[in-house]
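Start from the sequences, fold in the hints, and give me the full structure.
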Amino acid sequence: MNLYPFVMEILQVLILLAIGPAFVGWVRVLKCWAQGRSSAGLFQPYRDLRKLFSKDVVLAENASWIFRFMPYLVFGTAVLAGGIIPILSTDLPLAATADVIVLVSLFAIARFFTALAGMDIGTAFGGMGASREMTVASLAEPAMLMAIFTMSLASRSTSLSYMAQLVMSGQSVLRPSIVFALLAFILITLAETGRIPVDNPATHLELTMIHEAMILEYSGRHLALIEWASMMKLFLFTALGIAVFAPWGIASSADLLAVAAALFFMLLKLGAAGIVLVLIETGLAKMRLFRLTEFLGSAFLLATLGMLSYFILE
Amino acid sequence: MNIHNAAQIISFLAALVLLCAFGMLVQRRMYGLIHLFAWQGLFLSISTAVVGFVAGKHHLYISSVLTLSLKVVLLPYILHVLIQRLKIQKEVETVVNVPMTMLIGIVLVIFSYHLTAPVREISTLVTRSVLAIALATVMIGLLMMITRRHAVTQIIGFLAMENGLFFAATSATYGMPLVVELGVALDVLIAAFIFGIFFFHIHTTFDSLDVEQMARLKEGD
Amino acid sequence: MNPGPVDLASLSVIILLCAPLLVSLLSRSQRLLIYSGFALTAAASLLAVFAGAWTVWSGETQKLIMLIGLPDLPFHLRLDPLAGFFLVVIGLLSFFVSVYSIGYVKGFLGKRSVTSLAIFYCLFLAGMYMVVLSDDALIFLISWEVMAAASYFLVMFEDERIENRRAAFLYMVVAHVGAIAILLSFGVLAGLATGFGSFSGYTFDAMRSAHFPVEWATVAFLLSFFGFAAKAGVIPLHVWLPEAHPVAPSNVSALMSGVMLKTAIYGIIRVTFDLIRVFPWWWGAIVLVFGLVSAVMGVLYALMQHDLKRLLAYHSVENIGIILIGIGLAMIFTAFKLPLLAALALTAGIYHTLNHAMFKGLLFMGAGAVLHATHERNMEEMGGLIHLMPWTAALFLIGCISISALPPFNGFVSEWLTFQAFLLSPSLPSPLLKLLIPMGAALLALTGALAAACFVKAFGVTFLGHWRGHHRPNVREADWPMRMGMIMAAAACLLLGILPTLAIGWMDAVPQQLIGASIGTSAGAFGWMWLTPVAYQRASYSGPIVFFGILGIVIAAYLLLHVRPGAIHRVPIWDCGFEKIDQRMQYNATSFAMPIRRIFGFLFNVKERVRTSQQTVHKAFPKKLYYSLHVRDRFWGWLYKPVIRASFWGSRKVGRLQQGRIQAYLIYSFVTIIVLLVFLR
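Protein chains in written order, with my numbering: chain F, 1 to 314; chain V, 1 to 221; chain Y, 1 to 681.
Calculated from the structure, these hints are not laboratory results.
Glycine included, C-beta positions come from ideal geometry on N, C-alpha and C.
Certain hints may be false.
Covered, in the sense of this in silico footprint (three residues per stretch, anywhere, with C-beta under 8 Å from a C-beta of chain Y), are these stretches of chain F [unchecked claim]:
#1 74 to 80
#2 126 to 137
#3 158 to 166
#4 241 to 251
#5 284 to 296
Structural data, given as structure tokens:
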């Protein structure tokens, strides 16, 4: 039996676990630079996680099993998604487990439980976060599907590995549909991973928060798992974008050199993605909740224009 | 640059023109609108030049330069000055339901694609697929004039419509004769001046550029 | 002669038709009645499941002609894979619900006699089985009416409340308007099959062998679609559904919502794919558009509800919409001669039919358990039930996950298949359809996400947080028969979710029978673990890996983190240090849906009013706020009010004929006889 795919699988999950926090650290460092502050360094997220893991859990009296189960589930879906998205290699045994639609639904189930956990304690903040999170998600979903639709038009597939391989094998063509889909995907990523202008990951105790409002009552290892998972989620969405729109460099053959190159290119692309993210985040302000219809409406518009221009222009 | 690449570049520019049209449809800020309009003119001018190069129609270069100077430089400049004179830089329009407008826009694109289907079948030009986009740009310009209330946005909608017409002419028949184009350009320029003069009058009369105010002009009931 | 599936199915119907006799004999001892009556229906349901599963498995068709009925018009029964599949759908949920009913109906003991409930329950099931078994228009309509009448009496069960009577009446009216349309549709088909002079076209076989001119076929299709849509609750014919389902006993709502609506789906498939067979693409477009509208509007209406059962009823509208999307796509693909894609879309549709039966049954059973324990349907009064009813909560949660189309449960698989069918729409030859159909996919995605939001609300407000109401009732967990019914339905949800390949392989005979193509071989090409509906390069899904993968990682993480015993301190709620929090400050159903109500409010008739009380120091600090919210169905005003007004107006005009004097009536009869004699010489 060929062991290579399984090795790659394990390597990918390890990279996800290891680099996820560093990517968030990188974004924070860049943001500090962009705003003229001094940063806490690339490794601050690791220190935060270690601190949280070593603390005791403080649990509200009326927390049910859903509240305690949620962190593990969110962590589990993130790790599983890491085994499916071609981060380093397209030759993964788990790649066929899920196509893009299933992958999006995997994140949806994590979100479902996060929202439930937000309502579990019975605080106003938790309910508010849950309500807003589900609203934003329902507006993001049509745009996401339309973007997937557009991306799958050219490759005739929703399977990530095939989409990546097809883009890599095809000659580089100027496709308006792909550009539109990419723009839409960036907007959706901002919404799904809770970045500015949809949600502010750095804020606490403000009426604008969404994700933080749901996990306000968490502490200790539970909070650590949630934080880790949300770091991985940002990483995974970036990796998803890379795999679909710019997969060049991802290893498709069983070759040590190719894997090393893939690792190098991945870091390079992540770095660039971080820069884009920071540019967007520093350039925009947090939007009012009811302006988000317009934001996500534009994402839907872009994705639909991509689909239309595929049929009309290509 | 072979014909295949050129077709791709033109399609891409067409997509950008359409994107600008949608952007103008939902943009609330005055300066943002003018910038989008200028960008649309730029893409239009490049695409005209590319069409001229591929088709070997050299008069298209002239119209390309004309577009560049008129729609990218002069008209935005005039509008800029106008806005500054009227002191309405900060004015933000209360646009009607943005997502709904976008959806109507999408429907218009599909509709124009459906309308131009017969032309697409008989035409042999490189640019035939762009015709649908051009028609959609015209319609979106009209939609913009319908949904907006501010006089400045209405004129930008009008100019965007003209952009669409120009684009349609380039894509359907490799451009109109130069004389016609020059005439149209002059018309647009003069229209812009006249609009500008009107704005001053409207503004002094109503102290606002909201065209809803003009409802007051109707006979008393 | 060996008994075939059709004999088993008939036996099941006979048992159900005879059961009322036994039940009425036992009406003295109500407890025994419940046990024996529902055990009997459970057994009959199992028999039907067995017969149906066998038929679908073998892919064979069996017929039976019964020489009862009208003279010269014998009843025709037929069990083909399509009928078999629906027999399984109905039978499976009936079995679960019958088991559940043993516990649930005991709640009525000492309050009212349940004899009528048991009798009509049996007749209701018998009617549904007969609808799918019947092979001629006559018995079809008879069974259809038996089903409608029995369910009418079931809705009326608690008839002392006026809302129940009103709901049942509305249901009856809509059902009958629909039934008339179906009758007319069959009339058109039968007339065209053998000519309007003879009556032998009433068998489905005669219709199958006929060729219909497209205009008449369209008339027949539109009539039958209208009739079945009224039964299925397709928007805008949905108004009876959110009225009737909440007031019926919960076991009946589970059946009505879970499987009775499916008989209408069965009717649509039967008439289009089996009886008419050849149709233009725009029939499919009609079904698709109604499906999309029902799906989106259904879930939005559901989000506005705070009555748990009403919310679930609106979700039935949504899910019927999703099923119709699959069927509509299948019709479009069939019309354009793309049988493989049609098979995919049809499989998605019927798979969702099966799935919806399971999870909607489960959810209504769960809602029934809550109602049973708290005597409360209003979610605004509930909360924190997960601590008091852990079983019900966990099982209801499984239903919520399934209906929200989240992996690895069953609702996801069928919606995923529908998405795959959508993604294949670019292979259609019509350019306009290519551009328009993807919009449908976006609407379906919106529906799925809104459904998830709605069930976060439903579960979160009902089971999580603190009790929201003023009086806290003494809540007890559901008893074992109820739990068993729900556990079996939940298990079905999970199994259908993680083993879709087996299920699709099994139901393959249905698209094979109707379209002549199937996706079973390509879907299961890589073994039971991988679902590859078209080709493995196109898309693939592995339910088992998603389920066991997540489970494995969760367990591993849990164990790893519990190597070092970390203390868990139970403390009061923190809530950012806010101390005076009480249970009235929680989010409730209305506030949860507020952002969505605001965004999509233009689709409803929303009346929101906030009033401040008078005696205040300053108007910024009112002592009390009164908030009232009314969300109304716009269709009621647009469509039903004019009809109601017109019919009242007409009735008043006709009412003038009522003189109250015997001579006047005699004149009417006399005139009628004269007219008849003149014209029919």
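Cross-check of the supplied hints:
Evaluation of the coverage hint for the segment 74 to 80 of chain F: fulfilled, as 5 residues show C-beta separations to chain Y shorter than 8 Å, against a requirement of three. Remark: the segment 126 to 137 of chain F is confirmed as covered by chain Y, as 9 of its residues place a Cβ nearer than 8 Å to a Cβ of that chain, reaching the required three. Remark: the segment 158 to 166 of chain F is confirmed as covered by chain Y, as 3 of its residues place a Cβ nearer than 8 Å to a Cβ of that chain, reaching the required three. With 0 residues having a beta carbon nearer than 8 Å to a beta carbon of chain Y, the segment 241 to 251 of chain F misses the requirement of three or more and the stated coverage is violated.
Counting residues of the segment 284 to 296 of chain F whose beta carbon lies closer than 8 Å to any beta carbon of chain Y gives 3, which meets the minimum of three for the stated coverage.
Taken one by one, the earlier hints fail for this structure only at number 4.
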